Amino acid sequence: MSEIVAPLQAGRAERPASAGLWSRWASGRGIGVLAIILLLSFLTIYPFAMLFYGSLHSTPPGMAGEYNLNGYRQLLSKEALGILLNTVGISLGKTIPSLTLAVFLAWIIARTDTPCRDKLEVLITLPFFIPPILTAMAWAMLGNPQVGLLNQLFKWATGVNYSPINVYSWGGVVWHMVQYSTPFLFLFIVDVFRAMDPALEESSRMCGASRLRTFGGITLMLMLPALTNAFILSFIRGMENFESPLFFGAPAKITVITTEMYNSINHHATPDYQYATAIGFGVMILMFALVIAQWRLLRGRSFTTVTGKGYSPSVMKLGKWRWATFGFCVLFFFITVVLPVSQLFIGSFFRFFGFYQWDMLTLEHYRAVFSSSEIWRAISNTMLLGLGGATLTMALGAVVAYISVRTKWRGRRVIDALAWLPWMMPGMVLGIGFLWAFAMLPGPIPIYGTIWALLLAYLALGTPVATRVMTGAYAQLSFDLEECSRVHGASFFQTLSRILVALAWPSFAVGWVLTFFGIMRELSASVLLYSVGSEVLSVVLMKLWANGLAEQVSVIGLMMMLLVILFRYVQIKILQRYVTTLGV
Amino acid sequence: MASISLQNVSRHFGDFAAVDGVDLEAASGEFVTLLGASGCGKTTTLRMVAGLEQNTGGRIVIDDEVVSDAARGAFMPPEKRRLGMVFQSYAIWPHMTVFDNVAYPLRIRRRPKDEISQRVKLALKLVEMDSFAARPAPALSGGQQQRVAIARALVFEPRVLLLDEPLSNLDARLRTQTGDEFRALQKRLGITSLYVTHDQTEAMALSDRVVVMSKGRILQIGAPEEIYRRPNNRGVAEFFGSPNLIAATARASRPLADGLFSIDVEGDGWSGQCQASEGFSPGTVVSVMLRPENMRISDGDAPAMSWKGEVTASVFRGAQRSLSVKTAAGPLNVDISAFAHPAVGSNITLVADEAAAWAMAT
Numbered sequence: 001m002s003e004i005v006a007p008l009q010a011g012r013a014e015r016p017a018s019a020g021l022w023s024r025w026a027s028g029r030g031i032g033v034l035a036i037i038l039l040l041s042f043l044t045i046y047p048f049a050m051l052f053y054g055s056l057h058s059t060p061p062g063m064a065g066e067y068n069l070n071g072y073r074q075l076l077s078k079e080a081l082g083i084l085l086n087t088v089g090i091s092l093g094k095t096i097p098s099l100t101l102a103v104f105l106a107w108i109i110a111r112t113d114t115p116c117r118d119k120l121e122v123l124i125t126l127p128f129f130i131p132p133i134l135t136a137m138a139w140a141m142l143g144n145p146q147v148g149l150l151n152q153l154f155k156w157a158t159g160v161n162y163s164p165i166n167v168y169s170w171g172g173v174v175w176h177m178v179q180y181s182t183p184f185l186f187l188f189i190v191d192v193f194r195a196m197d198p199a200l201e202e203s204s205r206m207c208g209a210s211r212l213r214t215f216g217g218i219t220l221m222l223m224l225p226a227l228t229n230a231f232i233l234s235f236i237r238g239m240e241n242f243e244s245p246l247f248f249g250a251p252a253k254i255t256v257i258t259t260e261m262y263n264s265i266n267h268h269a270t271p272d273y274q275y276a277t278a279i280g281f282g283v284m285i286l287m288f289a290l291v292i293a294q295w296r297l298l299r300g301r302s303f304t305t306v307t308g309k310g311y312s313p314s315v316m317k318l319g320k321w322r323w324a325t326f327g328f329c330v331l332f333f334f335i336t337v338v339l340p341v342s343q344l345f346i347g348s349f350f351r352f353f354g355f356y357q358w359d360m361l362t363l364e365h366y367r368a369v370f371s372s373s374e375i376w377r378a379i380s381n382t383m384l385l386g387l388g389g390a391t392l393t394m395a396l397g398a399v400v401a402y403i404s405v406r407t408k409w410r411g412r413r414v415i416d417a418l419a420w421l422p423w424m425m426p427g428m429v430l431g432i433g434f435l436w437a438f439a440m441l442p443g444p445i446p447i448y449g450t451i452w453a454l455l456l457a458y459l460a461l462g463t464p465v466a467t468r469v470m471t472g473a474y475a476q477l478s479f480d481l482e483e484c485s486r487v488h489g490a491s492f493f494q495t496l497s498r499i500l501v502a503l504a505w506p507s508f509a510v511g512w513v514l515t516f517f518g519i520m521r522e523l524s525a526s527v528l529l530y531s532v533g534s535e536v537l538s539v540v541l542m543k544l545w546a547n548g549l550a551e552q553v554s555v556i557g558l559m560m561m562l563l564v565i566l567f568r569y570v571q572i573k574i575l576q577r578y579v580t581t582l583g584v
Numbered sequence: 001m002a003s004i005s006l007q008n009v010s011r012h013f014g015d016f017a018a019v020d021g022v023d024l025e026a027a028s029g030e031f032v033t034l035l036g037a038s039g040c041g042k043t044t045t046l047r048m049v050a051g052l053e054q055n056t057g058g059r060i061v062i063d064d065e066v067v068s069d070a071a072r073g074a075f076m077p078p079e080k081r082r083l084g085m086v087f088q089s090y091a092i093w094p095h096m097t098v099f100d101n102v103a104y105p106l107r108i109r110r111r112p113k114d115e116i117s118q119r120v121k122l123a124l125k126l127v128e129m130d131s132f133a134a135r136p137a138p139a140l141s142g143g144q145q146q147r148v149a150i151a152r153a154l155v156f157e158p159r160v161l162l163l164d165e166p167l168s169n170l171d172a173r174l175r176t177q178t179g180d181e182f183r184a185l186q187k188r189l190g191i192t193s194l195y196v197t198h199d200q201t202e203a204m205a206l207s208d209r210v211v212v213m214s215k216g217r218i219l220q221i222g223a224p225e226e227i228y229r230r231p232n233n234r235g236v237a238e239f240f241g242s243p244n245l246i247a248a249t250a251r252a253s254r255p256l257a258d259g260l261f262s263i264d265v266e267g268d269g270w271s272g273q274c275q276a277s278e279g280f281s282p283g284t285v286v287s288v289m290l291r292p293e294n295m296r297i298s299d300g301d302a303p304a305m306s307w308k309g310e311v312t313a314s315v316f317r318g319a320q321r322s323l324s325v326k327t328a329a330g331p332l333n334v335d336i337s338a339f340a341h342p343a344v345g346s347n348i349t350l351v352a353d354e355a356a357a358w359a360m361a362t
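Residue numbers (the working numbering), protein chains in the order written: chain A, 1 to 584; chain B, 1 to 362.
Quick caveat, the hints were computed from the structure, so don't treat them as lab data. This one's a predicted model, so the numbers in the text were calculated from it and none came from an experiment. C-beta atoms are modelled at their ideal positions from N, C-alpha and C, and glycine is treated no differently. Among these hints, one or two may not hold up.
Said to hold, decoys possible - As a list, the in silico SDA-like pairs of lysine to any residue whose alpha-carbon atoms are at most 25 Å apart:
1. LYS80(B) <-> THR219(A)
2. LYS317(A) <-> PHE13(B)
3. LYS317(A) <-> GLY58(B)
4. LYS317(A) <-> ALA18(B)
5. LYS320(A) <-> ARG107(B)
6. LYS80(B) <-> THR112(A)
7. LYS317(A) <-> ALA110(A)
Stated by the list, open to error - Examples of chain A residues toward chain B, derived with CB under 8 Å:
8. ILE31
9. ARG213
10. MET221
All chains, full assembly: derive it from the sequences and hints.
Right under this line is the structure:
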């Protein structure tokens, strides 16, 4: 006993010294918090302010001009209203079928005895991880009204000289968006299905309600807040979407907000920056209003249906119908993944896509891609930005989440709000904001037109998701774990590294892969911020496509697909191996 | 009110038998409790009666109506069985008010509006929740939710009431009170009830009959007193409290008037008379069950049925004092008055009430 007491008493004698350390550390903490606030402000408030400045100033930065409201005047035109209605219409048009489909798929996976559900779940969610630009190009080749593979197959099969599919249409834009929204919404909804206490449904059955009535009256009603949330989120993302309207809307003269911004900068004789920034600012206000509306609508309406017990929700026996539901899931995977990937595969081996004859087989596109220094540079840029960007973003997210949920430090609310702000900024809007922001920086800070510009933009775009992932990870770890470590003699930083990091790293890894995917697929901000030498793959793909080199696009697309599958595989392995066992 | 009959009911998951050949009859108006440790199959049995799970073997009959017969493949879905059920988590729907929750079974049955409001009020009054009708369900405490769950299960006058550990989420004080209130209500309405619990005190206090289950099988069925005093085997005996099971050898058996047997037994350094449900041939090794509360410290005399030993531990429990005593027959637990306090290490003599001694096959 006395042996244990002795060192403790020795420790007490040191106390005055450690108190000094404490106050020094506390002031260091203040500086750290301030530094994070400054960094986050630079990533959010600064481009946002520059956007506002740009919308009021008649010329780009560095040129003589005047302050006026011309940009906003243009926003109030009838044409602009049409574009807004177009955007809303397309976004609603894709959200409703996506949500229906996602609920159905989530029900199949979480609540029926459909065979191989765990594997089907992986397949169904895969489209979400594929860069949209890849499937956009693949579908442009599949559904081209003249030479599209699907139309050719139709003509060959029926003998009728008629093309049933034209992706360059309103339907084409919506269809491409649905492929992405469905797995996104599915990921949300399937967990709501899973987390529900089965007794809530069983008690309805005991009260005399049939299965169908229970589903409509209890299950769906309990999910209503989550479904509303998912609906609004998906709607917002639809308004921000750039790839689908760019590829399928533009050729059919269908313009939405993002493509209008892009066009006013890239496709006008003189770029109309003022108009573009005015739209950007308008979109921000719109998004802000939507998010506030969402928040007010859902306030106090999230039902806690989870009792914290691990249970397997009752699974419905479908009998022979389970093969129909199985087939439906496989069909979804086939259409959203197999079909476009096959198109890329086929397209990469023929001299010209659309002319599929034996004598047209070639490897020249592979040679062209592998010998192009521009493409290699884009690959290395993308990998560099992906690896560095994902690491930095997750590190920032981990710190921000820690400060906002695990400490009572002053300034934590500011940090939390700043990190969440880019959530409302579409990539295109953030891109323009950064364009201005970097151009306005004093000469000695040469970010404009370099790879750093892209890195900062990715950092800003990724922070909300990174923070959310890490917040979720910390929330699962009880405070006791940290406090117990402190009581047993570990310092703050020892506790951080040995307990928190040790327990939260699987979530960090999963979030890292998610952020990496986000960077790899990013197009709307990249296309505004790149310059010669700092191109990324998505930008190069777009340029090749614009030059009519769909075959080389296919080659690069296939390589990106391999990367997607590899990373997704690693992510799932981490999730299965660590996250479930830790209960994170 | 209805009777329930389970005939050789089984539930297999692959090779694993969660419930294995259960036979059980509950008479109309009876309160029957399924008691056992977690995983013993009691909840599965209840859920099979409810129709939430399908039995893979045997027949379930409610009120002369076969609701499930595995051999014929007949299965009536839960909503057709007209049974009320109270879940462990109460399963109060959070998107409805208290009134809507209780009215749900009646709305499903398309009762007229007046009747619904009248019957819901009556049901809520029954559980003393009538002043909460307009409350949203999430604004209720655990005990209140439990009452609403009972009201909802009773409002449509079900044939049988099924309860799956309804008290386990309440704190100890509320648990006893709610249990007693519920038992009074059940008696007043005379509704047949099948109740699942792992808590032996709860089972004894509430039930007409207790069914002790283990590993998917029924160990014993009987009135609470019978199960407690005259267990069939060591498993049942050990389920209630921590009885002393002392090894002994039967010397002679005599049948008694009430169908029981009187057994002369002899152990290590002691001998005596106890009762048993069967006769044992001389020389058979038996276990003699003596509950701690039926033993005491001798005030001097040392009859045949006594044990000398040394006190090894003494724990004050408020209402009584628990002693551990090392004897030649093994360690014995004794509950004595809290005012007596023999020192640890002192030697004492223990005697037992012969009427409480119960012999079982080992």
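Taking the hints in turn, this is what the structure says about them:
no.	hint	in the structure
1	LYS80(B) <-> THR219(A)	20 Å, holds
2	LYS317(A) <-> PHE13(B)	15 Å, holds
3	LYS317(A) <-> GLY58(B)	21 Å, holds
4	LYS317(A) <-> ALA18(B)	20 Å, holds
5	LYS320(A) <-> ARG107(B)	33 Å, violated
6	LYS80(B) <-> THR112(A)	22 Å, holds
7	LYS317(A) <-> ALA110(A)	12 Å, holds
8	ILE31	44 Å, violated
9	ARG213	7 Å, holds
10	MET221	5 Å, holds
The structure fails hints 5 and 8 (numbered hints given earlier, in ascending order).
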